[in-house]
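Letter by letter, the chains look like this.
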Amino acid sequence: MFEYATAAVEGALAAGARYADARVVVSKQESINVQNQVVESLDRTEQAGVGVRALIGSSWGFFATADLSGRAATAAGERAAEIARASAFVPGDPMKFADVDVVQDTYETPYAEDPFTVPLSEKVDLLIGVTKTMQEVEGIAIATGSLTFYDTNKWFVSSQGHRIQQHLVESGGGFDATALGENESQRRSYPQSFGQYETGGYEVIRKWDFAANAGRIAEEAAALLTADELEESETSLILEGSQMALQIHESVGHAIELDRILGWEAAFAGTSHLELPKLGGFKFGSELMNVTADATLPGALGTFGYDDEGTRAQPVDIVKNGIWVGVLSGRDSAAMAGLPPGGMVRADGYNRLPMVRMTNVGLLPGDSSLEEIIADTKDGVYMATNRSWSIDDKRLNFQFGTEIAWEVKNGKLGRMLKNPTYTGIGPVFWGGLDMLAGGDEWIHWGTPNCGKGQPMQVAHTGHSAAPGRFKNVRVGVRG
Amino acid sequence: MSREIQLTEQILDLVGDRAEAEVLASTGNLALTRFANSFIHQNVAEVGEAVSLRVAVDGRVASAKTTATNDDSLGSFVDAALETAAMQPVDDDWAGIAPPSLIPPIVHADDATYDATPEARAALVKEFVDAGNGMLAAGYCQTEGQSAAFANSAGQTASGRSTSAIIDGIHQSGTSAGSGHAASVAIGDLDGAAVGALAAKRATDSATPFDTKPGEYEVILAPEAVGTLAVFLGFYGFNGKMLSEGQSFVDLGSQQFDRRFQMWDDVTDSRAMGVPFDTEGTPKGHLDLVIDGVTRGVAQNRKTAKKLGVESTGNNIPGSDGWGPVPTNVFVGGGARPVEEMIAGVERGIYVSTFNYCRILDPKTMVVTGLTRNGTFMIENGAITGAVTNMRFTQSFVDALGDGTILGLGNDARFADSEFAPGIMYVPTMHLASWNFTGGAEG
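Residue numbers (my numbering), protein chains in the order written: chain A, 1 to 479; chain B, 1 to 443.
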């Protein structure tokens with residue numbers, strides 16, 4: 001496949017590009033959805049094509065085609081150059097492009113069990129089984145389960161000499177139970193809402209032991225119908241690990257994207273409350289807040305060998321002892337900001353432009369545990385598993401809802417509470433982090449549905465997190 | 001014979017009599033010119049072909065999609081789909097493939113848009129940018145042309161072309177932003193300067209915002225904000241799957257909305273976009289959702305229609321197995337009043353240009369949280385008296401449109417961007433009695 005990527009690059013150079021790179025991507029995806037013991041959908045998707053990026057002067061152009069032939073690839077390069085010339089019709093400042101090591105290499109996700117060779121019947125039976133278990137709990141109206149597997153091969157070539165082949169394998173899934181009341185619905189999910197995804201093979205699914213958790217999840221969903229509603233107050237909030245992961249994703253991960261900080265996403269995804277002159281001095285949170293973006297974590301969903309600009313995966317400090325010190329960047333955004341490129345540019349398929357995306361943006365573990373945090377809390381709320389998320393275009397004001405909560409009184413879990421929500425302002429909220437778990441409660445949570453860009457792209461990102469406690473949080477906000 | 005029709009025939013031939021089969025093939029162009037900091041920074045285009053196949057072997061159903069459409073690939077693609085289906089349990093809810101039926105002779109396509117050049121998109125971007133007189137502009141111009149063909153083994157066939165063109169963006173003053181949006185089947189209908197001028201005016205007018213107290217406010221919602229209401233009602237409520245599962249607020253035949261509220265789905269309207277059939281080959285037509293505030297219908301595909309004992313309305317979309325059928329050619333009835341008159345009727349309220357990052361808390365009650373964005377203004381004694389900072393709301397969309405709550409409907413109905421997609425909601429400005437703002441966006 002390298003020959004098609006090379007043809008695309010050569011087409012762009014012959015048409016006047018001063019730099020070009022191209023990716024051939026051949027991918028397959030298998031997705032199984034079961035509802036109430038019935039297979040609702042079983043989809044297999046294959047995608048193959050080449051996308052090429054051309055830089056002329058300071059203007060970019062990108063063109064993609066599903067036609068994998070030498071002639072079509074060359075023509076795609078020429079079209080990318082043509083588009084770059086049109087970009088110059090509305091020009092900006094001179095474009096900078098950071099140097100990186102020119103690499104010829106291969107990378108493959110470590111995995112034990114190819115998910116595409118596991119018998120379909122085994123996967124379907126697993127989901128039918130967990131939905132059956134959930135349906136056996138009184139009050140459960142809808143029980144769903146899903147599995148999705150991705151197998152992606154990429155061949156990257158640049159006019160600077162990169163030749164990189166990667167084979168990425170990702171696996172994940174989950175299930176949820178919905179109980180319907182007279183004028184409400186209550187849901188519980190496992191391992192987290194939208195499921196848990198990691199790089200790796202079918203061993204990821206086995207590890208999470210769906211069958212052992214289905215009954216408990218369904219019973220919690222049913223119990224929520226008669227639970228008390230969380231009342232509005234300001235209190236200590238303890239977040240379960242997967243909700244902590246989403247909190248990191250939304251209020252830290254997107255805020256540190258350099259393209260947002262530079263204004264490149266202003267109209268759609270938004271900008272950031274972070275300003276580059278404050279890098280290295282801005283207090284993002286408490287001393288317990290240590291965040292890294294690390295694309296090398298084994299098993300985490302945002303792990304790879306090289307990004308889609310050919311930059312090697314690497315760990316980058318983002319927040320150290322509460323101080324903002326790093327960003328997510330690519331070769332052009334880093335150069336424009338005067339920073340080293342972080343290798344965080346990825347594309348959703350051959351036909352999408354690589355852009356700054358989260359890798360594994362995680363909160364380093366603390367030295368406590370959930371049990372100790374609860375025991376230390378006199379009055380508070382423990383919330384688990386995301387149900388809704390909303391945050392403003394500067395990534396400052398958020399309101400999250402979770403599926404379930406429990407009151408915490410005098411160091412013990414108390415009543416189950418339904419419709420829990422909490423709201424806050426990012427740095428104020430993170431400044432209230434005063435206890436943080438670690439050890440085996442620190443998990444590489446995966447988010448398979450991070451939307452960004454126009455045309456829309458969906459990225460798979462990782463967020464290592466453990467439960468933690470935040471002081472003085474406004475909870476229970478509803479209309 | 002077009003390429004996409006040829007693909008459908010080729011695949012049905014490959015399936016032969018081994019299964020019930022339906023095929024959707026598409027070819028086309030998608031191009032998007034994106035700008036920020038007043039220059040074009042991302043400029044992309046793609047050509048492609050894609051095929052979706054669903055097969056049912058004695059009620060065992062599987063789906064497959066591919067962009068690898070050469071002759072060598074299609075045979076193995078079909079065989080794999082059939083093998084997958086054979087390993088499935090029987091789906092008792094399988095409603096079978098669509099029977100032959102007439103497709104409305106509607107074409108929403110424009111040749112100049114289908115083959116729009118990067119220069120044409122850049123020209124619209126330049127008009128938008130220049131309208132800001134030096135303010136920082138950001139946004140996009142997109143053109144799309146699609147040719148689609150459907151065929152199934154029951155003999156149903158359909159084909160059509162569609163195009164769309166969009167200019168959307170903001171101008172930024174340093175302390176504020178204002179937005180503008182226009183969409184049409186034809187790129188020639190777009191006026192980048194006018195859209196840019198509206199965005200610039202909103203940005204200028206909101207350059208010195210002040211904080212206002214959260215609470216219940218009368219609101220004037222511009223079309224983008226109304227588009228958000230409509231898309232949430234459509235996707236979470238007027239959705240046959242959500243209804244059949246008991247998760248929708250919909251109570252057919254009940255007065256669930258203000259008597260002035262009308263909402264319908266109609267691909268046959270000359271203003272609509274898209275092709276007049278769905279991904280199951282069912283013809284699309286006019287579907288009343290709300291008449292005079294009474295809920296009258298929901299979108300259906302073949303599976304949800306079978307469950308509910310009704311007919312498919314032709315609203316299956318990719319992903320409907322999980323999400324359910326939804327209306328995507330939605331119109332909300334407008335009124336006769338200019339926006340200025342509507343504002344003049346407000347003693348104290350808030351004008352909202354757009355909502356942002358809205359998320360549903362409970363589909364049964366349609367409680368949604370989100371924020372305002374790109375131009376939020378205070379109205380006092382019938383006039384806009386200043387800009388306010390963005391605010392968070394938590395509000396039931398059904399309650400907001402309940403009986404007696406609509407105080408006015410504008411005469412400015414147009415395609416509005418919505419939370420989920422542009423080009424699917426055609427709505428006017430709306431004056432509502434109450435909206436629950438729960439806090440400022442910046443604390």
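Don't take every hint at face value.
What the hints assert, rightly or not - Below, computed lysine-lysine pairings styled on DSS-like, alpha-carbon distance capped at 25 Å:
{"#": "1", "chain 1": "B", "residue 1": "Lys65", "chain 2": "A", "residue 2": "Lys452"}
{"#": "2", "chain 1": "A", "residue 1": "Lys412", "chain 2": "A", "residue 2": "Lys452"}
{"#": "3", "chain 1": "B", "residue 1": "Lys306", "chain 2": "A", "residue 2": "Lys96"}
Stated by the list, open to error - Example chain A residues on the side facing chain B (calculated, C-beta under 7 Å, incomplete):
{"#": "4", "residue": "Gly61"}
{"#": "5", "residue": "Gln165"}
{"#": "6", "residue": "Pro365"}
{"#": "7", "residue": "Ser369"}
Keep in mind that the hints were calculated from the coordinates and are not lab data. For each residue, glycine too, the CB sits at the ideal point set by N, CA and C.
Evaluated hints:
1. Our distance criterion of 25 Å between C-alpha atoms is met by Lys65/B and Lys452/A, whose separation comes to about 23 Å.
2. In summary, the hint linking Lys412/A to Lys452/A is not supported, as the alpha carbons are separated by about 41 Å, beyond the 25 Å threshold.
3. Of the pairs offered as hints, the one joining Lys306/B and Lys96/A is violated, with about 58 Å between alpha carbons and a cut-off of 25 Å exceeded.
4. The beta carbon of Gly61/A is positioned within 7 Å of a beta carbon in chain B (closest approach about 5 Å), and the interface hint is therefore held.
5. Given the 7 Å rule on beta carbons, the hint for Gln165/A is violated: about 19 Å separates it from the nearest Cβ of chain B.
6. Evaluation of the Pro365/A hint against chain B yields a violated restraint, the C-beta minimum of about 29 Å exceeding 7 Å.
7. A distance limit of 7 Å between C-beta atoms decides the matter here; for Ser369/A the minimum to chain B is near 31 Å, and the interface restraint is violated.
Hints 2, 3, 5, 6, 7 from the list above are not met by this structure, while the remaining hints are.
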